[in-house]
Amino acid sequence: MKGNEALAEGAIRAGCRYFFGYPITPQNEIPEYMARRMPQVDGVFLQAESEVSAINMVYGAGGAGGRVLTSSSGPGISLKQEGISYIAGAQIPCVIVNVARGGPGLGGLNPSQSDYFQATKGGGHGDYHLLVFAPGTAQEMVDLIELAFDKAEEYRNPVMILSDAIMGQMMEPVVLPEMRTVSADKPWATTGKNGRSKPNVINSLGIVSEDLEKINIELQDKYKRMAAAEVRYEVDGVDDADLVVVAYGTSSRVVSSAITQLRQAGKKVGLFRPITLWPFPGQALADLAAVGKRFLVVEMSAGQMVEDVILSVNDRFKVEFFGKLNGTVPTVREVYDRITAVLSKGGEE
Amino acid sequence: MKKIFAYPRALSPKRTHYCPGCTHGVIHRLVAEAIDDLGIQERTVGIAPVGCAVLAYEYFDVDFQEAAHGRAPAVATGVKRVHPEAIVFSYQGDGDLASIGMAEIIHAATRGENITVIFVNNTVYGMTGGQMAPTTLPGQKTTTSPYGRDTATVGYPIRVCELLATLDGPSYLERVSVHDPKHIIKAGQAIKKAFAQQVAGKGFSLVEVLSSCPTNWGMTPEKALACVKEKLIPYYPLGVFRAPEGGDRS
Numbered sequence: 128m129k130g131n132e133a134l135a136e137g138a139i140r141a142g143c144r145y146f147f148g149y150p151i152t153p154q155n156e157i158p159e160y161m162a163r164r165m166p167q168v169d170g171v172f173l174q175a176e177s178e179v180s181a182i183n184m185v186y187g188a189g190g191a192g193g194r195v196l197t198s199s200s201g202p203g204i205s206l207k208q209e210g211i212s213y214i215a216g217a218q219i220p221c222v223i224v225n226v227a228r229g230g231p232g233l234g235g236l237n238p239s240q241s242d243y244f245q246a247t248k249g250g251g252h253g254d255y256h257l258l259v260f261a262p263g264t265a266q267e268m269v270d271l272i273e274l275a276f277d278k279a280e281e282y283r284n285p286v287m288i289l290s291d292a293i294m295g296q297m298m299e300p301v302v303l304p305e306m307r308t309v310s311a312d313k314p315w316a317t318t319g320k321n322g323r324s325k326p327n328v329i330n331s332l333g334i335v336s337e338d339l340e341k342i343n344i345e346l347q348d349k350y351k352r353m354a355a356a357e358v359r360y361e362v363d364g365v366d367d368a369d370l371v372v373v374a375y376g377t378s379s380r381v382v383s384s385a386i387t388q389l390r391q392a393g394k395k396v397g398l399f400r401p402i403t404l405w406p407f408p409g410q411a412l413a414d415l416a417a418v419g420k421r422f423l424v425v426e427m428s429a430g431q432m433v434e435d436v437i438l439s440v441n442d443r444f445k446v447e448f449f450g451k452l453n454g455t456v457p458t459v460r461e462v463y464d465r466i467t468a469v470l471s472k473g474g475e476e
Numbered sequence: 304m305k306k307i308f309a310y311p312r313a314l315s316p317k318r319t320h321y322c323p324g325c326t327h328g329v330i331h332r333l334v335a336e337a338i339d340d341l342g343i344q345e346r347t348v349g350i351a352p353v354g355c356a357v358l359a360y361e362y363f364d365v366d367f368q369e370a371a372h373g374r375a376p377a378v379a380t381g382v383k384r385v386h387p388e389a390i391v392f393s394y395q396g397d398g399d400l401a402s403i404g405m406a407e408i409i410h411a412a413t414r415g416e417n418i419t420v421i422f423v424n425n426t427v428y429g430m431t432g433g434q435m436a437p438t439t440l441p442g443q444k445t446t447t448s449p450y451g452r453d454t455a456t457v458g459y460p461i462r463v464c465e466l467l468a469t470l471d472g473p474s475y476l477e478r479v480s481v482h483d484p485k486h487i488i489k490a491g492q493a494i495k496k497a498f499a500q501q502v503a504g505k506g507f508s509l510v511e512v513l514s515s516c517p518t519n520w521g522m523t524p525e526k527a528l529a530c531v532k533e534k535l536i537p538y539y540p541l542g543v544f545r546a547p548e549g550g551d552r553s
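Residue numbers (the working numbering), protein chains in the order written: chain G, 128 to 476; chain C, 304 to 553.
Since the hints were derived computationally from the structure, they do not count as laboratory data.
Please note that a few of the clues may not be correct.
Here are the computed distance ranges between Cβ atoms for each label pair [claimed, not checked]:
(1) C/Glu388 x G/Leu236: 40 to 46 Å
(2) G/Pro202 x C/Gly521: 39 to 45 Å
(3) G/Asn321 x C/Gly521: 42 to 48 Å
(4) C/Thr447 x G/Ala413: 36 to 42 Å
(5) G/Arg163 x C/Glu533: 54 to 60 Å
(6) C/Tyr310 x G/Glu345: 30 to 36 Å
(7) C/Glu388 x G/Val459: 38 to 44 Å
(8) C/Ile488 x G/Gly232: 53 to 59 Å
(9) G/Met306 x C/Ile307: 41 to 47 Å
(10) C/Lys532 x G/Asp348: 52 to 58 Å
Beta carbons are placed, not taken as given, at the ideal position from N, Cα and C, and that holds for glycine.
Given the sequences, and given the hints that come with them, work out the whole structure.
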């Protein structure tokens, strides 16, 4: 299945029954799939008049207790940021997919990882975080979308899947899980009082500054719990490695191919692949730095995740960077050569 | 002895933050009475706007979601699609609905979304201190049109009911006023009719309520109500723009 379609079917099987979206390339397979599929499972597909409306429909549907999904790409995700901030502030579960393309501005349609800052550092106004998953295979699209819905509801927090044009368009075999049924019954949801003594109110307003402070303390406590419990990453051959290459999503696949060739050539190189971009697996990187590893960060951007790696390692001289600017994917050869060059530079500088 | 007057059950017994002489209180009460009369309090969900009525969720004893500025019809759509049996209404001002939220209201209307919209038009942004709204009358002074609204540079007011009446989606559109008891009674009937449309599954209903803003108009409450009658109604004629019975495209 195409990555986008695998994600869409994975969402349906995870019990998602509400989808609100707007056309934008390269994510169109998701709403098109949902338009066909939702009526078959008594779900709702609605093409909104704008990205802004789509995310606010998500706010309404999530607030009413539904498992709700929206998807878009960079420019559309920018438009959704107002709504995402409200959803984070009001603590409403939902899942947002960014099938990222190159920017800034209208940018291009090719894959990019230049929305990392937007995804992990807030994106909209205010102090908030999304849980951000970065799938590396079509299978992971399926697995992580299910996890995303469960975590969104567990923490009452929006979850973002940061994919890209290649992950979305690439075809790979996937194993789909069984269809799950989930209840829209949530004690805090806006369903109508239906006998409850007090109305449920969903908002993100704290006009009195002490009230707003209380809301923010509660949010930060939650983010701390998420940071402690939800870090996910994958390592391959880091134990004996002289150099650990850090990459996620599409670039991690190119890096993985280069590393396979390098190890066949006797070079000690490992891969560290963050699966959660927020919370970032910084402690694991710090632990590797403590035993003397050096790092090369490979991204399809001018360098965004590399900032988190440097912060984690706390030694910028241990961290090299190789980035391809928007719309281009590094080739295995390029990564191979860069790793070789970094290795030949030796250890301490 | 029969009780003929009581505090509406759908209204919370709280003191509101509205200015003296503001008509939001009257309109809140009319909405609450409609909810009571139709017996729908237990399944009603309100959507509050950004503007003077941002705290509406404090005053109604029904479930509420507070929306971003102008987005209430989209939020209402999300709630309604998850709970089609719920009665969902948004309560919005003219800056919220007719300026920043114009796309949301037009598309909710054209979808025939089965929700009810209470649209309070007082021709200014009240909460932010009386700036010019899309509904500000030609020549009307506001803090951002201090020399009076100059239609040559900022254009003309928008008549929302007339605009929405060009669409096939809405099932009921009416403009009412709350400047005197007679009109308040009529407004209450219209609001109840709008909710009844939704209960019957007839689709999108909107009642525009011409309202006063003594604070930002710089008038006494009495003078402000006279102004609704003398200035607003001539520009925003009262009446039904889409009849509930259907077929009326006037």
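Verification of the hints:
no., hint, result
1, C/Glu388 x G/Leu236: 40 to 46 Å, "holds, 42 Å"
2, G/Pro202 x C/Gly521: 39 to 45 Å, "holds, 43 Å"
3, G/Asn321 x C/Gly521: 42 to 48 Å, "holds, 45 Å"
4, C/Thr447 x G/Ala413: 36 to 42 Å, "violated, 53 Å"
5, G/Arg163 x C/Glu533: 54 to 60 Å, "holds, 57 Å"
6, C/Tyr310 x G/Glu345: 30 to 36 Å, "holds, 34 Å"
7, C/Glu388 x G/Val459: 38 to 44 Å, "violated, 56 Å"
8, C/Ile488 x G/Gly232: 53 to 59 Å, "holds, 55 Å"
9, G/Met306 x C/Ile307: 41 to 47 Å, "violated, 56 Å"
10, C/Lys532 x G/Asp348: 52 to 58 Å, "holds, 54 Å"
Hint violations for this structure: numbers 4, 7 and 9, all remaining hints satisfied.
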